[in-house]
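> Going line by line, the protein sequences match chains E and G.
Basically my numbering = 1-based index in the first sequence + 730.
Basically my numbering = 1-based index in the second sequence + 9.
Keep in mind that the hints were calculated from the coordinates and are not lab data.
Here a beta-carbon is modelled for each residue, glycine too, at the ideal position from N, C-alpha and C.
Be careful, since some hints might not be right.
Stated by the list, open to error - List of simulated lysine-lysine pairs, BS3-like, C-alpha gap at most 27 Å:
id	chain 1	residue 1	chain 2	residue 2
1	E	K1010	G	K107
2	E	K1018	G	K159
3	E	K894	G	K73
4	E	K946	E	K835
5	G	K73	G	K159
6	E	K1036	G	K73
7	E	K1010	E	K830
Said to hold, decoys possible - Estimated spans, in silico, between C-beta atoms of each pair:
id	chain 1	residue 1	chain 2	residue 2	range
8	G	D180	E	K1018	23 to 29 Å
9	G	A255	E	T907	32 to 38 Å
10	G	E248	E	E1031	50 to 56 Å
11	G	E221	E	R1039	14 to 20 Å
Said to hold, decoys possible - Partial list, computed: chain G residues near chain E (C-beta under 10 Å):
id	residue
12	Q20
13	Q21
14	S171
15	F245
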Amino acid sequence: MAEDNGKLERFEARINAGEKIEPKDWMPERYRQQLIRMMSQHAHSEVVGMLPEGNWITRAPSLRRKMVLLAKVQDEAGHGHYLYSATETLGVTREEMLEKLLSGKAKYSNIFNYPTLTWADIGVIGWLVDGAAIVNQTMLAKTSYGPYSRAMIRICKEENFHKKQGYEIVATMARGTPAQRKMVQDALNRWWWPTLMMFGPHDKDSPNSGDLLRWKVKLKTNDELRQRFVDITVPQAHAVGLTIPDPELRYNEETGHWEFGEIDWDEFWRVIRGNGPCNKERLAARRKAHQEGAWVRAAAEAYARKHGREPGKAA
Amino acid sequence: MSAQNIAPELQQPLFEYLLRLGDDRLILGHRLSEWCGHGPILEEDIALANLALDCIGQASVLLKEAGTVEGQGRSEDDLAYFRDAIDFRNLLLVELPKGDFGFTIVRQFLFSTFSYFFLEKLQQSAHKPLAGIAAKTFKENLYHLRHSRKWLVVLGDGTEESHQRVQNALDELWGYTEEMFYMDQVDEALMNAGIAVDLQPLKEQWLSMVREALQEATLELPDPDVYQHQGGRTGFHTEHLGHLLAEMQILPRSYPDARW
Ligand SMILES: [Fe+2]
Ligand SMILES: [Fe+2]
């Protein structure tokens, strides 16, 4: 116990000195568990997040838009893949993480439990959801765990591109026909509040925040990040003539911040508990893909057992 | 720009030829893109999206060139989104529903093997823009071929179930392979001008490469006398294409005055 205390002291001293913690370093069990929870949730979010946008790949309105969207959804698969690998450095396997997702034990970002109803949703998701992810991930790029920090730096570059293409769709539609303008305003109305919820509960209601901040897993609170997102996004909405669906929204000259109305936390908890518009569909789609892929994975294992290698490669 | 130096009697055949090549890749790319988010492993979501991206990218340049040759001011999007099924010129092979992962892999392997020999020759086309497109497409296709061949062997020589599934897919798809070698007056007119590839000599090469892969995959070559379906090159399609197009074309058709 005394030895453990010494370790903990040294660990916290390293964190306070701004050093990164690497997989082989000693770390408190709670630090490890919190990171596994956060990072696997993050990986699951990338993968489940492919579904709402994937819903429009076959209906993209031009070949260029189709290719950009395909590339974006493919990037998200890459992010998931990269994050699963980074999480595996903490001593958990991808299979274990996947099992938790498919059994409904693990969470993923609530935002992906909302439906994509029109093409404008594809623009608004890129703009708002990837935009919110950037705010969060820019902070996480400085997180104290080395593999997570490096994953975030790499991923953030692509998220910036995602946001740009999303905003470009929004801007194009906002100066388009009346039908397009209606679609894009409607999409903003539906996605605005769920996007604000992405940053999590108020700091006072966030049970994990204390340790996470002390150990510099997170460097900013949920409310700080949410405010930053609102400050960035409101002028972007106004620039293309869109209205943020919040009657209480107003600019505070003194603080330099946009003040906004209260989030509907009942909705937040309702969706987290499984009763959002698409929770069942999302999980069902992941399970279906997993089950229908079982014979493929079994074949790959059988082949590797028989030959000790992949085809076309030397043993 | 290339339209000017084409003999007037070749303009229509070349337009038709470019549609055939572009439509093959547009429709195949669509089928591949349906896997995005639903693959058997995350790595395959990424790989199949790659293949789809290549195919749709190729389709886009081929249809753009078709529009240029036609000279009526139609863009690649006009051609992709504002033609009906009877005006599409793709092979029946590529419009069949995506099936299971084995079906998708076998189709990709059969088509990519054909493309390997076809594009090798097409790089010498006297129509320079087409030769250039063929060179880039050939390189991309090498990965498509390697990837699909790898999985063909793994699934064929994997478990009993996977073996049976790909053998079934192969038997079903075999009846759509002869159409890849279909030629008519479009090809003849262009072959005389050194623009199109003579497909007849490719058949033996194709078959021997397929045979060799099937052997490694422990799969049986399907009955050579199986009935061969044709019609895609002249617009006589399966019922599947209309549904595919209804989905693909819905936005531009519903809002013809909108830009996206
Ligand atoms: Fe991402
Ligand atoms: Fe993204």
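> Against this structure, judge whether each hint is valid.
Verification of the hints:
| no. | hint | result |
| --- | --- | --- |
| 1 | E:K1010 / G:K107 | 24 Å, holds |
| 2 | E:K1018 / G:K159 | 24 Å, holds |
| 3 | E:K894 / G:K73 | 26 Å, holds |
| 4 | E:K946 / E:K835 | 26 Å, holds |
| 5 | G:K73 / G:K159 | 33 Å, violated |
| 6 | E:K1036 / G:K73 | 48 Å, violated |
| 7 | E:K1010 / E:K830 | 15 Å, holds |
| 8 | G:D180 / E:K1018: 23 to 29 Å | 26 Å, holds |
| 9 | G:A255 / E:T907: 32 to 38 Å | 22 Å, violated |
| 10 | G:E248 / E:E1031: 50 to 56 Å | 38 Å, violated |
| 11 | G:E221 / E:R1039: 14 to 20 Å | 19 Å, holds |
| 12 | Q20 | 23 Å, violated |
| 13 | Q21 | 24 Å, violated |
| 14 | S171 | 3 Å, holds |
| 15 | F245 | 24 Å, violated |
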